[in-house]
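Residue numbers (the working numbering), protein chains in the order written: chain A, 1 to 263; chain B, 1 to 324; chain C, 1 to 384.
No wet-lab data here; the hints were simulated from the structure.
Hints are all accurate, no fakes.
Think about it this way: if two alpha-carbon atoms lie no more than 27 Å apart in a straight line, the pair counts; the simulated BS3-like pairs of lysine-lysine are:
| id | chain 1 | residue 1 | chain 2 | residue 2 |
| --- | --- | --- | --- | --- |
| 1 | C | K303 | A | K199 |
| 2 | A | K199 | C | K310 |
| 3 | A | K205 | A | K108 |
| 4 | A | K108 | A | K51 |
| 5 | C | K268 | B | K138 |
| 6 | A | K51 | B | K243 |
| 7 | C | K268 | B | K310 |
| 8 | C | K303 | C | K286 |
| 9 | B | K257 | A | K149 |
| 10 | B | K112 | A | K172 |
| 11 | B | K293 | A | K254 |
| 12 | B | K215 | B | K293 |
| 13 | B | K138 | A | K24 |
| 14 | A | K51 | C | K14 |
| 15 | C | K45 | C | K34 |
| 16 | A | K254 | B | K310 |
| 17 | B | K138 | B | K215 |
| 18 | A | K150 | B | K243 |
| 19 | A | K205 | A | K51 |
| 20 | B | K318 | A | K257 |
| 21 | B | K138 | B | K290 |
| 22 | A | K220 | B | K142 |
| 23 | B | K320 | A | K254 |
| 24 | A | K205 | A | K220 |
| 25 | C | K45 | A | K199 |
| 26 | A | K257 | B | K290 |
| 27 | B | K262 | B | K280 |
| 28 | A | K172 | B | K110 |
| 29 | C | K276 | B | K215 |
| 30 | C | K44 | C | K34 |
If you're wondering where the values come from, they're calculated on a predicted model, not measured in any experiment.
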Amino acid sequence: MDIIVCIKRVPETAEADLVIDGSKKAIDTDGLVFSINEWDNYAVEAAIQLKEAEGGTITVISVGPEENNEVLRRALAMGADEALRLTDPAFEGSDAYAMAKILAAAIKDIPHDLILTGVQADDDGFGAVGVALAQMLELPYAALVTDIKKEGDTLTVHRELEGGLEEVDTLKLPALLTIQTGINEPRYVSIMGIRRVAKKEIGAKGVADLGLSEEEVGLKGSLSQIEELFFPPVGEGAEIIEGTMDEKAEALVKILKERGGIG
Amino acid sequence: MEKIAVLVEHRQNEVRDITFEMLGKAHQLLEGGGEVIALFLGDVSQKGLLDQITPHAHRTVAYLDSNLKDFEPLRYQAAFTNIFENVDCQLILMGQTAFGMDFAPAIAAKWKIPFTTDVVDIEASEELHAIRQMYSGKVNAKVSLKPGEKMLCTVRAGAFPAEDIPTVSGELQEITGAIEGDFSARTFVEYLEAAVGDVDITQADIIVSVGRGIKDADNIPIAQELADALGGVVACSRPVADKKWLPKERQVGTSGKTVKPKVYIALGISGAFQHQAGMKGANTIIAVNKDPKAPIFSIAHYGIVDDLFKVVPALTEKVKELRG
Amino acid sequence: MDFELNMEQREIVKAAREFAEGEFDPQVAMELEKSHQFPFDIRKKACQLGFIGIHFPEEYGGQGYGIFENALIVEEFCRRDSGIGSAVVLSDFSSEIIMRFGSEEQKKAYLPKVASGEYISGGGYTEPDHGSDITLMNTTAVKDGDSYVINGSKTFITNGGIAKFLIVLCQTDENASPTYRGQSTFIVPTDVEGFEAVEIEDKMGLKMTSTCEIYLNNVRVPADNLIGKEGRGFYQVLEFFDESRVEIAAQALGIAQGALDRTIAYIKERTQFGRKIAAFQVNQHKAADMATRVELARLIVYKAAWNYDKGRIDPVLTSMAKMTAGRTAVEVCDEAIQMHGGYGYILENEVERFYRDAKITEIYEGTREIQKNTIASTIVGRFK
Chain A
1 MDIIVCIKRV PETAEADLVI DGSKKAIDTD GLVFSINEWD NYAVEAAIQL
51 KEAEGGTITV ISVGPEENNE VLRRALAMGA DEALRLTDPA FEGSDAYAMA
101 KILAAAIKDI PHDLILTGVQ ADDDGFGAVG VALAQMLELP YAALVTDIKK
151 EGDTLTVHRE LEGGLEEVDT LKLPALLTIQ TGINEPRYVS IMGIRRVAKK
201 EIGAKGVADL GLSEEEVGLK GSLSQIEELF FPPVGEGAEI IEGTMDEKAE
251 ALVKILKERG GIG
Chain B
1 MEKIAVLVEH RQNEVRDITF EMLGKAHQLL EGGGEVIALF LGDVSQKGLL
51 DQITPHAHRT VAYLDSNLKD FEPLRYQAAF TNIFENVDCQ LILMGQTAFG
101 MDFAPAIAAK WKIPFTTDVV DIEASEELHA IRQMYSGKVN AKVSLKPGEK
151 MLCTVRAGAF PAEDIPTVSG ELQEITGAIE GDFSARTFVE YLEAAVGDVD
201 ITQADIIVSV GRGIKDADNI PIAQELADAL GGVVACSRPV ADKKWLPKER
251 QVGTSGKTVK PKVYIALGIS GAFQHQAGMK GANTIIAVNK DPKAPIFSIA
301 HYGIVDDLFK VVPALTEKVK ELRG
Chain C
1 MDFELNMEQR EIVKAAREFA EGEFDPQVAM ELEKSHQFPF DIRKKACQLG
51 FIGIHFPEEY GGQGYGIFEN ALIVEEFCRR DSGIGSAVVL SDFSSEIIMR
101 FGSEEQKKAY LPKVASGEYI SGGGYTEPDH GSDITLMNTT AVKDGDSYVI
151 NGSKTFITNG GIAKFLIVLC QTDENASPTY RGQSTFIVPT DVEGFEAVEI
201 EDKMGLKMTS TCEIYLNNVR VPADNLIGKE GRGFYQVLEF FDESRVEIAA
251 QALGIAQGAL DRTIAYIKER TQFGRKIAAF QVNQHKAADM ATRVELARLI
301 VYKAAWNYDK GRIDPVLTSM AKMTAGRTAV EVCDEAIQMH GGYGYILENE
351 VERFYRDAKI TEIYEGTREI QKNTIASTIV GRFK
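Bound-form chain A, shown alone:
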């Protein structure tokens, strides 16, 4: 089974103080550490597990500048076979729709039985590229997938719904799945993996190579655009308990007693 995984390189922002840059349309990423989007890491692992069971190849694709080779190489070191980077100044400002067009243009030339993406990206959190891509490629798809079983050319997948409920669906290959976190335990990158792929070349394709025009991608080819970023208004917030550890614990016990927290 030949699998394509679309992956993104994103800044780690969970514990960072974010600064909005001068354009007001992006954050200042200086000093931020970048890594593979968490959902995409699960998608890469899912692909590797399928390949280990079924054979075939894995191609990873990422849209972005040369730094994106970091996440592509990381996926290669984990067990992917080929990597392709899509890059062009014209891609700047692409929304989920334009991004799906770019990916669709690249994927139509690569044989595949299955395409995996993460459910969403840590940074802009659209949660839309995978499903839009499936539509453009006219593939059956399922979003929020937490389990995959393959039998012949049919996949049985679980989709995560709300409230702990799951849905079981069957899909005919070729198909596209967006992968939810927790579906597996992504492996660590091994030194063997790094060494194995050290000499691997990563190809790059631009707008012309993909048979697209500049009008179809980037801001011009997008259906939406960011006007400005701003920080969410600060809510009332919690009453912060200060003091020594003993005083804090004492205060908490008092609150718990009052609020029925000691059952």
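For chain A, the structure is supplied; the task is to place chains B and C on it using the hints.
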């Protein structure tokens, strides 16, 4: 803006809250004028659900077909072809839910409808602007959509109130007849109810919940000890369940359980909106987190900015003393 | 001149960091620290991922990289946790003597098993009466047919209680002149009759590492266990120090960086007199000084490792690197505790542990004073 369509979301014979949240927002955007249109796709047997919808929409367009009993995107898409021919509207709202995320981007891509996802607010003065969150809620973005005949936004669950939706005298327009096509490429099989574990967190009065800050499965007993001392149960946020440190049925949040305990103690939980959605109904929320900027502090009633590994043992000790 | 890590090196750093962040848990570290346990499970995983023996050739189960790449892993592991990091990275200690001087059979028999995690190794050089001065060994190996019989004792032997084998430096010719020309190294399995390891329980730091006194009482090893030729032991060990000192320097560098990381996080979090203590210029300057010192140490450690991989043996540079990194680690950790105040002085806080683990890097593999001797004897000359 004159006409806004809302795609009704229903599952297992229940209309989901997101539907009313979107209907309410649609009324607010139209400020009493214009037309709120509810789009209902379902089986004839589900027609009864319409009683909850029609009072809140000027017009309800119900597409009734046995093919539409359960959500299957290919069948729903086929129905939408027909809806687009029959329903005139400038804005379509769908939920950023397991249903909407599996459907809206495909609709937008297929008909090239300007769209954005997961919006927490919509402004429609002259132009339409959507407010959505980026970087896990740390930054808000004001997004404009390319002008088009129709636009589409998916709406975050819980972003708008589901109560006090204006009541209007709504007409019902039924469309019947088999939708056509081969839909075998994706087929709904069944629902799987969440596994029932040894502990039902939805029934607990006191919940000690752990997040990424607990750092390792080996540290769960620290929280368990506090829960035991308090007579409560241990729950968790998504990362803990993802890492299998606690079973999935202990997860609080959008994709887990919704809990309403008397006291909810959040230990090392940053408080992503998906988590907040599952616990904001708690009477008292106490958060312990090292990061003073963690979003959890915005909805907690009491907070301690400190290392949970210092706070929890001290607290457990005090509680045990108290109980003798 | 190029100060940048190449692509593979950056990937190795990132892989080591992800592994250490995922597996070196602070609470686990605390338990291991208190119970004086070696992190066996973590080491096994590190071996499976190729982190241990990364500098062994591929044909012997390694990854074929240099000691520079090994140093990068050592730095990242010790940065994340001084105790777990030190214990894990030194689990292949002294295997390099087999790698550099051993026979084909010896390399095949031992190196793959060290890299895979099956064997832990160690080196027995220091004796109760011979610490910094190893020119004469009281431990003797006497040839008896097709084996050697070893008698003597060793002390402060890293991994002594958990190793599968030790490389032991012995006097094979007591009449050689100078004495060090009569020394030889042997592979001594720890399960042979007459071998006894006694754990040195109470030490300042390195609580997760086994440190032992070793007693060798008529220990018989096959003659095949001799590494290289008789009389070469001293030279082998000296050359090995050139390599091992870079590793210890990297260990010190990682500990220093780890203490700095924790201190910066702490001063941004701690409030006193109504302000974050990071707002006080005195703390900002201290952090700036610490960061500068760590960066200086990094430069010389990287240079020494790079130089070694170029095939140049330069004891002056490796001694400078170890001395600088060791001092940096101790001083940065000292300042880290100071800036943590009372919280820095208690076991529950990691910087206290980092400080205790840092100190050994100024002692083992040649004290700071020995490093100075090495440097001075070359740049000034030898004076009697």
